[in-house]
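Based on the provided sequences and hints, a complete structural model is requested.
Here the protein sequences come in this chain order: A and B. This note's numbering puts the first sequence at residues 216 to 404. This note's numbering puts the second sequence at residues 3 to 638.
Hint data in this document are derived by calculation from the structure and do not stem from the laboratory. The beta-carbon is built from N, C-alpha and C at its ideal position, and this holds for glycine as well. Mixed in with the good hints there might be a few duds.
What the hints assert, rightly or not - If you want the footprint, here are the derived chain B segments under chain A, 3+ residues with CB under 8 Å:
1. 96 to 110
2. 121 to 131
3. 385 to 392
4. 523 to 530
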Amino acid sequence: MKTDALKQALDKHGFDAAFGGARRDEEKSRAKERIFSFRAAKHVWDPKRQRPELWRLYNARKNKGETMRVFPLSNWTELDIWQYIYLEDIPIVPLYLAAERPVVERNGMLIMVDDERMRLGAGEKPMCRKVRFRTLGCYPLSGAVESDADTLPAIIQEMLLATTSERQGRAIDHESSGSMERKKREGYF
Amino acid sequence: MADASELIQRDIESYLDAQQRKGLLRFITCGSVDDGKSTLIGRLLFESKMIFEDQLAALEADSKKMGTQGQNIDFALLVDGLSAEREQGITIDVAYRFFATDKRKFIVADTPGHEQYTRNMITGASTADLAVILVDARKGVLTQTRRHSYLASLIGIREIVLAVNKMDLVGYDQAVFERILADYREFAARIGVANITAIPLSALIGDNITEPGAAMRWYQGPTLIQHLEAVEIAEQAAAAPFRMPVQWINRPHLDFRGISGLISAGRIRQGERVKILPSGKESTVARILIEEDLTEAVAGQSVTITLADEIDVSRGDLICAPDAPAGIADQFEATLVWMNEAAMLPGRPYLLKIGAQTVIATVSAIKYKISVNTLEHLAARSLELNEIALCNLSLNQQIAFDAYAANRDTGGFILIDRITNETVGCGLIHFALRRAQNIHWQAVDIDKGSRAAQKSQKSCVLWFTGLSGAGKSTIANLVEKKLFAMGRHTYILDGDNVRHGLNRDLGFTDVDRVENIRRVGEVAKLMADAGLIVLVSFISPFRAERRMARALMEEGEFFEVYVDAPLTVVETRDPKGLYKKARLGEIKNFTGIDSPYEPPETPDIHIDTTRLSAEQAADSIVQRLEDLGILWGRIV
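This is how it looks when you write it as structure tokens:
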């Protein structure tokens, strides 16, 4: 859904390039992503035909109808991001900080009940838990984690001591092992 | 990691402060299919606690599904990220992995050992400071080991770790390790590898990765992690002469004009003199800015600087230290690595990107190819995918440069195909060719305009392209007759005729076709300079070369005339009986049969020979020339 909306917006405005915050340390197929990632017509990503990327030289040239996805933070890690936010005092979305929130447990994930758009399944009853999000993605496909981390240093502390990866809360990654690659081929960020 | 966890729990702020000062080491791992490279990387990630529980669970599930390691975890599956790689059990593309220890952060470029090895390894190694070269203890130094070492030294990696893996399979025998090391040193001396550190290890079991191997007490050196943490990477960049390629002229309003870029080498202080290349103008640094003003900036920082004087600076220029400036030239000797399925043809124009500058370049000569396996020098007329050669390059304008050995950023370039825009190759500049510095253009007093005006015309080149038998020569001949009758000064360069003289030494391979067009383009240019209307009648099957010919002429001087006739039509006409011979296999590389014809996408004049007779076609071309003002009024 997110992918189609993105493609429609890129087509409508005819953008040459779209910047994204994807990092190589997030997921296996992203580990092979370029910083200037070429997309053929219709936003198709062909991992086998990626342009070699050497030194600090980026090839941003393209023909009409083709586009670029640009990932300047490719080589940052999850820790680098949080450290930068901490050092530069960058405001963050409150959902990253732990608070009492209504959630339901679904397929082993804690899904937040924000408003009436969230349809409850049979037998699902919202309960109040102290949760936060390690990653914010599609709604309602991103799961929350139970946490007491309600300050930035506490988030970083929690992340450093974590035993699961940040994308663990993303249903999109779990459909099967190659599912991110398939999504990316179709135009997902 | 235990100490770190304690610190994180006790005092997260001082932990973050320590993190901030951690250095970064970028390295590459090379080895062939069965050397255990992926196992090694998986092991490094695992031991540095970079594999999380959910990733480990996915890995265990995948390992069982693939079954390559029985019931054990197959670490290779962690690294091979693409479906095709997992299905075929091979690594196709460079993958970047991240891990950190208490002392350093690491980025590992993992490159495949076989298919596309040169392209991928050069790509991964271009940003690396160190290479880990894996050798299977049972097999010793192999052809691949030499190949990987040569490529690593070519791209400028000075630190090599010879990781002798699978020591558990040779009974942890010291003699085996020593013999491999001696073999390797002998080879490494030949290619000039600077620093070699050899470590015996078992990636599968974990010996000498983080902890010393209990069974190898004879080995006194560091474990792999200890070495990676401690190895000194010469901080050359900050000590080298100042270089900043100009990325952008930052001009938010009339009162501010800043020059933005990433400092690639050296340092710069307020008040220091700088030299702008290629113009050679000098000025003084007034301000150095990031968010606030700095008094000094060093290599690795992206800054905006302002100059004391109003001098001309634009994107692509190079700002240098005036006492040690970069060189300027338009011809170079360089090592070229070809990375595309379509071969490199000398004479074909490519875009060359170096720093923030993009120019047009052609390879003027291939001196020799270098076999990556034997290091032998071989003669070559073109370069195929993954081949490496020493070449001379010729550019359409001067650029500022350093030798690659002195600065990777100002000495390394990529080549881009002008039609597909793919990155097709990369190169390392060695030095400027002296002939570029010593031959100057001789200015003459009578110029092209005056020569053409004397003939009451404008110079131009009509470039007839199309399949053999389409009618190019017939129509060109009629056009010339009509122009001649009008008192114009013309000349026809005909493909067949030129091959009897000037181009007698050329055949019909792709390489020769490119050279054929290059020479004819140059001759047409001289004739246009003489003030003539030049009619060129050549099949000229490739877009790239027609574009090259156009680029030789002045704007508005070149007219591509597409003499359009379908293959079925010309094959029926077959005036010289050539199509018949080509179909019988008696002529090789015949355009339209076994050699491609790339039709013009936007010809200046399009002649549809299925609708127009040769007479009508010639008339319409003459009319176009009149309309365009090439013929200044009638002379009777």
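Outcome of the hint check:
no.: 1; hint: 96 to 110; verdict: holds (count 8)
no.: 2; hint: 121 to 131; verdict: holds (count 6)
no.: 3; hint: 385 to 392; verdict: violated (count 0)
no.: 4; hint: 523 to 530; verdict: violated (count 0)
This entry does not satisfy hints 3 and 4, going by the numbered hints stated previously.
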